[in-house]
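Mind docking chain U on chain X? Use the hints.
Protein chains: 2
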Amino acid sequence: MAFTNSDVVSNDTEEFSGVPDELRQASPHEIRRMIREERFTGNTSGFSLGFLQGNLAILPAEYAMDFQRYCQRNPKPCPLVGISDTGEPTLPTLGFDIDIRTDIPSYNIYRGGELTDQATNIKDLWQDDFVTFVIGCSYTFENALMAEGVSLRHIDENKTVSMYNTNIQTTPAGPFSGGTVVSMRPLSVEKAIRAIEITSRFPQAHGTPVHFGDPEDIGIADISKPDWGDPTEIRDGEVPVFWACGVTPQAAVRNAKPSLCITHSPGSMLITDIPGMDAGRGPLRV
Amino acid sequence: MAFTNSDVVSNDTEEFSGVPDELRQASPHEIRRMIREERFTGNTSGFSLGFLQGNLAILPAEYAMDFQRYCQRNPKPCPLVGISDTGEPTLPTLGFDIDIRTDIPSYNIYRGGELTDQATNIKDLWQDDFVTFVIGCSYTFENALMAEGVSLRHIDENKTVSMYNTNIQTTPAGPFSGGTVVSMRPLSVEKAIRAIEITSRFPQAHGTPVHFGDPEDIGIADISKPDWGDPTEIRDGEVPVFWACGVTPQAAVRNAKPSLCITHSPGSMLITDIPGMDAGRGPLRV
Chain X
1 MAFTNSDVVS NDTEEFSGVP DELRQASPHE IRRMIREERF TGNTSGFSLG
51 FLQGNLAILP AEYAMDFQRY CQRNPKPCPL VGISDTGEPT LPTLGFDIDI
101 RTDIPSYNIY RGGELTDQAT NIKDLWQDDF VTFVIGCSYT FENALMAEGV
151 SLRHIDENKT VSMYNTNIQT TPAGPFSGGT VVSMRPLSVE KAIRAIEITS
201 RFPQAHGTPV HFGDPEDIGI ADISKPDWGD PTEIRDGEVP VFWACGVTPQ
251 AAVRNAKPSL CITHSPGSML ITDIPGMDAG RGPLRV
Chain U
1 MAFTNSDVVS NDTEEFSGVP DELRQASPHE IRRMIREERF TGNTSGFSLG
51 FLQGNLAILP AEYAMDFQRY CQRNPKPCPL VGISDTGEPT LPTLGFDIDI
101 RTDIPSYNIY RGGELTDQAT NIKDLWQDDF VTFVIGCSYT FENALMAEGV
151 SLRHIDENKT VSMYNTNIQT TPAGPFSGGT VVSMRPLSVE KAIRAIEITS
201 RFPQAHGTPV HFGDPEDIGI ADISKPDWGD PTEIRDGEVP VFWACGVTPQ
251 AAVRNAKPSL CITHSPGSML ITDIPGMDAG RGPLRV
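Heads up: the sequence lines are chains X and U, in that order.
Quick note: the first sequence uses this note's numbering, first residue 1, plus one each step.
Quick note: the second sequence uses this note's numbering, first residue 1, plus one each step.
Read the hints as simulated data drawn from the structure, not as lab findings.
Pulled from the structure, derived: some chain X residues nowhere near chain U, Cβ distances all over 10 Å: (1) 217; (2) 239; (3) 259.
Mimicking SDA-like on lysine to any residue, the simulated pairs with C-alpha atoms at most 25 Å apart in a straight line are: (4) X:257 with U:88; (5) U:257 with X:129; (6) U:257 with U:88; (7) X:257 with U:62; (8) X:257 with X:228.
Partial pick of chain U residues on the chain X-facing surface, computed with a CB cut under 8 Å: (9) 64; (10) 65; (11) 68; (12) 73; (13) 93; (14) 203.
For glycine and all other residues, C-beta sits at the position ideal for the given N, C-alpha and C.
Chain X with its partners taken away, still in its complex shape (with noise of 0.2 Å):
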């Protein structure tokens, strides 16, 4: 069986209208394995629903020390839920048998900060001095919104969340600095608190949003079109709602400018075997 992004079409389910069922309720093991095979090489949201997803860095070690003090002091955008040893393609605390030069959909390769490249693996590019880093990801507290009653416009429209860049300046650390991404849902002010104690509860992909309302107030200048992403519609009554975005480190690494970077392609995120209500409570025991 193979998929692409085109069979992830709407099929009228309530809370996940773009995902097949077979896919909702795989194994996180079994999804892996069907793109370590290249059977799909698209975006992951709804993939093996209920467990943690991940954002992803590799890093040359040289670099490794001052990323991981970068996600360290801003654990909003860079909520760290995996370091693997160096030279080790494997996590075993974050799952069984994760390869992690086969087992995201499609890799970004950034060098001296720019991307260059995209790839489905990466294992001629792999290095003995590499780290990977893993941080949480908005699928997670997405899931739990939705089961508690939050819809989510860009899920029930099948988009992309919009994701913008802004004045929210991080905190560096060596050569890593920049503004932090934000994504952005829009809700009514009764959604948006309920949304603001659910998501409370997920230190370990974003937590509580950074801003509400004014876009102005952190430097977006144009809500209509954000930097990643499609747009999404603001309708009466409703306020634009701001979490920090995984998409940071990846604009700190075009800052930092390392001779190589890979991260995954955004939406094609590393499917952890850790239950996602479980983030937050530490790595897997293995």
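Only chain U this time, still in chain X's reference frame:
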């Protein structure tokens, strides 16, 4: 004004019987100044009430990446709240004007994994390759427990909490490994449930317990003989409740045998400028 441990005696207040009012209400900056001038060299429990206190570990850079991995993989015993830049004695994400060479009341010096010395400052030991790690501390959740009506016997009796080695193995990273060290507080079942509820809000201060009930389940042969701290009476109708403890990394350091490691002496913590209730919400904005 100078204080010693002998000044820290019961003065019959409700909750923090041992600590004079001027120390409870002093700002973190004032207390650190007193410590820097070596006018206090004891236990900081109850000082600058409401501000996050931290365990200390200073290591040469060659051990820093593995120690950081060790903390990330073991967030209950080792919740990282701050990491310095290499060679920098300041901690700007944790407080104004911290100098880690002088701002801890008492330091333990480990050489090759053995405790060889204690000191009231480490100005003469400082190295350009040192990295400082600050790990959340149980004082944060103890304040919250007492504020919400869960009284703690070791504090009522002005003793040090009972701590034990266990057979709960940590997830290793490089040379760092070993059993989890726990602290024990006897509580009624009703208060134990409330304590689990309250401490779930403090993932950066050891979070929820790792065990309650039979001490032998986690390898403690004789509950009346703690490995650190004072014995604590367990009364009829009480269960012992065990939390992961910030002494765990000191045990890991003994296993790793780094050439040099400097920690706080048990009970003599770094007092940060971070409001304690904000533990878990990330570092101070600087």
